[in-house]
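In order, the protein sequence lines correspond to chains D, X and E.
So the first sequence is residues 1 to 319, counted in our numbering.
So the second sequence is residues 1 to 387, counted in our numbering.
So the third sequence is residues 1 to 274, counted in our numbering.
Just so you know, these hints were derived from the structure itself, not from any lab.
Since we're looking at a predicted model, the values are computed, not measured.
Note that CB positions come from ideal geometry on N, CA and C, so glycine has one too.
Treat the hints loosely; a few may be bogus.
Claimed, not checked - Residues from chain E that face chain D, not an exhaustive set, calculated with beta carbons under 8 Å: (1) Met26; (2) Ala27; (3) Leu228; (4) Leu242.
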Amino acid sequence: MPVVTDDRRKAGTPTGRPGRSPWRPSLSTRNNLLSYMLLAPSLAMTLVFIAFPIYMIVNLSLRDGKTMIMSEVGDLPLTLGNYDSVLADPDTWHSLRISAMYTAATVTAAILVGLVTALLIRRRLPGRRWLRTLILIPWPIPGAIATVAFVWMLDGTYGVINYILRMVGIIDQNVAWFFDPQTALIGVLMPTVWSAYPLCTLMLLASLQSVPDELYEAAKVDGAGAILQFRHVTWPAVQNTAVLAMIVTGLWTFTTFDFVYAITRGGPDGATQTLAVAIYNQAFRFFDLPHASALGVVTMVLAGLVLLALFPVVRRRFF
Amino acid sequence: MLDFPTWQANEPGHGEALRAIVEEFESRHEGVTVNMYPVSNEDFQNQIVTQLSAGDPPDIIASGNHFYAFAGTGQLEPLNDRLEESGLLDEWEDFQQERVVDGDHLALTMHALTRLLYYNEEYLAAAGLDAPPTSPTELADAVEALAGSVGEGVSPWGATTTTHSNLFGESTAFIVGMGGQWITDGEWSVTAPETVEAVDLYRRLAQQAPPGLDGGGYRQLLGDGRIAMSQDGNWVISTLDEVSPADVRPKLKAAPPPFENTVALVGTSLSIPEGISEERKDLVWEFIQVAAEPEFQGMWAGSIDAAPGRTGSITSEQVQERPELEVVAQTIASAQPEFPDSANFRANFGEIEQHIIDAMMRLLTTDDETAAVLADLESQLSSVTEP
Amino acid sequence: MTRGMIIRYGLIVAIIVVLLFPVYWMALTAVLPTRELLSPSPPLIPDLSSISFDSFQRVFELRPVGRWMTNSAVVTAGTVVCSVVLATMAGYSLSRLASKIGLVVGYSLFAVRLIPTTLLVIPLFMMFSEVELNNTLRSLVIANTVVIVPFAAWLMKSFFDSIPVELEEAAMVDGCSRLRSFLTIVLPLARPGIGAVAIFSGILAWGDFTFARTLIQGDAGTTVTVGLVSFVGEYTADWGALMAAGLLSIAPMVVLFILLEPLLISGLTSGAVK
Chain D
1 MPVVTDDRRK
11 AGTPTGRPGR
21 SPWRPSLSTR
31 NNLLSYMLLA
41 PSLAMTLVFI
51 AFPIYMIVNL
61 SLRDGKTMIM
71 SEVGDLPLTL
81 GNYDSVLADP
91 DTWHSLRISA
101 MYTAATVTAA
111 ILVGLVTALL
121 IRRRLPGRRW
131 LRTLILIPWP
141 IPGAIATVAF
151 VWMLDGTYGV
161 INYILRMVGI
171 IDQNVAWFFD
181 PQTALIGVLM
191 PTVWSAYPLC
201 TLMLLASLQS
211 VPDELYEAAK
221 VDGAGAILQF
231 RHVTWPAVQN
241 TAVLAMIVTG
251 LWTFTTFDFV
261 YAITRGGPDG
271 ATQTLAVAIY
281 NQAFRFFDLP
291 HASALGVVTM
301 VLAGLVLLAL
311 FPVVRRRFF
Chain X
1 MLDFPTWQAN
11 EPGHGEALRA
21 IVEEFESRHE
31 GVTVNMYPVS
41 NEDFQNQIVT
51 QLSAGDPPDI
61 IASGNHFYAF
71 AGTGQLEPLN
81 DRLEESGLLD
91 EWEDFQQERV
101 VDGDHLALTM
111 HALTRLLYYN
121 EEYLAAAGLD
131 APPTSPTELA
141 DAVEALAGSV
151 GEGVSPWGAT
161 TTTHSNLFGE
171 STAFIVGMGG
181 QWITDGEWSV
191 TAPETVEAVD
201 LYRRLAQQAP
211 PGLDGGGYRQ
221 LLGDGRIAMS
231 QDGNWVISTL
241 DEVSPADVRP
251 KLKAAPPPFE
261 NTVALVGTSL
271 SIPEGISEER
281 KDLVWEFIQV
291 AAEPEFQGMW
301 AGSIDAAPGR
311 TGSITSEQVQ
321 ERPELEVVAQ
331 TIASAQPEFP
341 DSANFRANFG
351 EIEQHIIDAM
361 MRLLTTDDET
371 AAVLADLESQ
381 LSSVTEP
Chain E
1 MTRGMIIRYG
11 LIVAIIVVLL
21 FPVYWMALTA
31 VLPTRELLSP
41 SPPLIPDLSS
51 ISFDSFQRVF
61 ELRPVGRWMT
71 NSAVVTAGTV
81 VCSVVLATMA
91 GYSLSRLASK
101 IGLVVGYSLF
111 AVRLIPTTLL
121 VIPLFMMFSE
131 VELNNTLRSL
141 VIANTVVIVP
151 FAAWLMKSFF
161 DSIPVELEEA
171 AMVDGCSRLR
181 SFLTIVLPLA
191 RPGIGAVAIF
201 SGILAWGDFT
211 FARTLIQGDA
221 GTTVTVGLVS
231 FVGEYTADWG
241 ALMAAGLLSI
251 APMVVLFILL
261 EPLLISGLTS
271 GAVK
């Protein structure tokens, strides 16, 4: 998710830069050829490993029967039954709800942590480079391993988080985080947010640094307090980036699998079964690839629809 | 090199016995090595089914309850001809029948196990109980008495309390123990009165167990003296020898489960996959034959107190040394199988197990009526397969 | 130092303490005896005398952590090389070609983001087993590269965009071929961008769990992420060894990140800092 933009760019050259090509008329066929040649390997790879797989997924989702061998897929009879059963299965809607909650909560929390951290290290401070590095440390840590650390910290008997919460008086009794369907999702959220916020910090920091200090000075002169400064100077400057960060984080959370699988594998009693985990369970636990594929197609269509609905917002802000 | 993944490689008792078989096999086959490696029990079934289904299996296929999922792929080699030729079938105990699908012997059973009641003598005495319970009612009363008497940080009962395949075996032990089964007379009997009663008892006890633990977790707590009583496999004796501190171990005792029926668990069994070369299949068969020799069959009795698959593998010296072995063998001979007598149940075990696990978690974590949860479970199971 | 700055520093330190607590707790668990930690009130600040590094030794006896790390390193190195080469080529093309088709193709690469990895892996699994690539580290390199390149290519594109075309044009006026001017003029200037793409893809490849979990079945190809997660169920009681393994497996990327963070940040924000 390297899409770090700066809102200044909006004012300058938009992506694609249709206007800015002074040398373009002189582009010879040979140059064109070179460009295509340079693009070809990536394109070929995408066709083979993305386009063909998507075709396979759709193909599989229309087949009746179980197989894991590609050459046998063509022999299975065609059917729409998988879509019938996916759409009729209450589990699908249950997973959708879990996915929506998981995504919304992660996005909200990650943006909040990202905003707070970015605001704190926005200004030039001695040693800022190191403070920034420390704040971004969770980024290079694999989600699966972060999860394992949180499993230990959230352990129902010896977990340090229970201890700290008891110490400060938030709870009286240890919470068995991953045992109770009420708290399992919170337990899974913690490592997810922990892994997700650094990117938000970074994106917001980039756009915050583009706000000239004079604006804040001017606001101060006008007598604006910290809250008013945030509302009238900071927020207008970062809101576009914040929306983009939310979309990027949201897509990432919606499709991620590591955190849930590494802890609860979807349990207890489906309390943490997101769509990504449901697809995995159907495919690699029950070995029902056609059902998993149909569920996947439905998921992709839903994600696509949400993105389309958001598109006008994005378009207004970025193009 | 023969690949041999197993979830038991690091398990006390099992690991040593398997390693001894590997070493003997390697010493007889110059240049052939066996790469035995551990796979966690949670991942084992998925991995092997994936490999079998994709036509790229490891060479030696070990299985416990996973067997039915493996057999379901249709990728296990029938052993009938080889068994007949070697005459092994005549030597084998009846529980080998649990590995026969449509007349094909798809695996050779190494041993069978049963469940025992483990208890901490000191806590029982403190609760005013001078002997372990011998009936379901006594069990419920004993746990209640323990709950009132054990101190802070000690739980009266231990059980698996996390989403884990153990939930199937532990709940089934109560159901079979109290005279029920998942399927009786060709009908789902998930909501039959005896099943509901058994599951209700299972639930009441498991709710007293420390939450969020898998099998390894509560065995450790039993060994540490932080659990007063639990029901677990008989092989756990050797695990306790290893994990329990010297001041607690002598207080831990085992007794027959307090039920009218005992459950026979078919332990490790070994299979040959279809997707490997003939030459490799022959080597794997030789490996299985080594494991079937009386010496190694006797090891199962010695290391994990199991009833060996080969009749008469327990030597009289072994029996003299550990009289329990005779008891275990006799118990298993009269025990009920864990799985109902239904081909569909076995063929769809993966999905069925998942539904049962989810239902058990629901029982442990919510206040929903036991009968209602079981009714939901029955309708889910009916939609998976005919009984 | 003004009062405002002291407060600001105080807040920053406080938030860093909270955010980095998981790493601290991993380290503490790895160096303290399990007996001290398995208590309802574990020591938040350790007694220095009880620190020992036994767990690190034990973990190598329990599981082949060395092999997991080697496998992860091979996959990461392979993915980084493939991603950097492909992304540099594609990024340059997207930046200078600027034709409609090129951009449409480029944007369509982003469709990858819509596909849950758990879904993409189903056909990949079948394809790889068809050509007997399953259970090889090569399959992981391919799968990781496939999902990384679309982003890496756009990252490189924005980086090339920031390099003035006039430089190449001047070189081409001097008789340099397009390819030559790309290799001798543009590429050296793009080094920070290439560095950023390399770290970025390294982090993603090292952290991959989904592909490693599904495409590798035996033990020979287990990577650190999958190995560690499988460790959890099996040695629940041995948290010291588990956290020691966790610490070892995050160490390479965390150290690289700390050293190269400025490069990564400047590379990722390159579109902005022209």
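Evaluated hints:
Interface restraint check for methionine 26/E: the shortest CB-CB distance to chain D comes to about 5 Å, inside 8 Å, so the restraint holds. Here the hint on alanine 27/E is broken, as its CB sits about 10 Å from the closest CB of chain D, past 8 Å. Proximity of leucine 228/E to chain D holds as hinted, the smallest CB-CB distance being about 6 Å (cut-off 8 Å). Using the Cβ-Cβ criterion of 8 Å, the hint placing leucine 242/E at the interface with chain D is satisfied: the shortest such distance is roughly 7 Å.
In this structure, only the earlier hint numbered 2 is contradicted, and the remaining ones agree with it.
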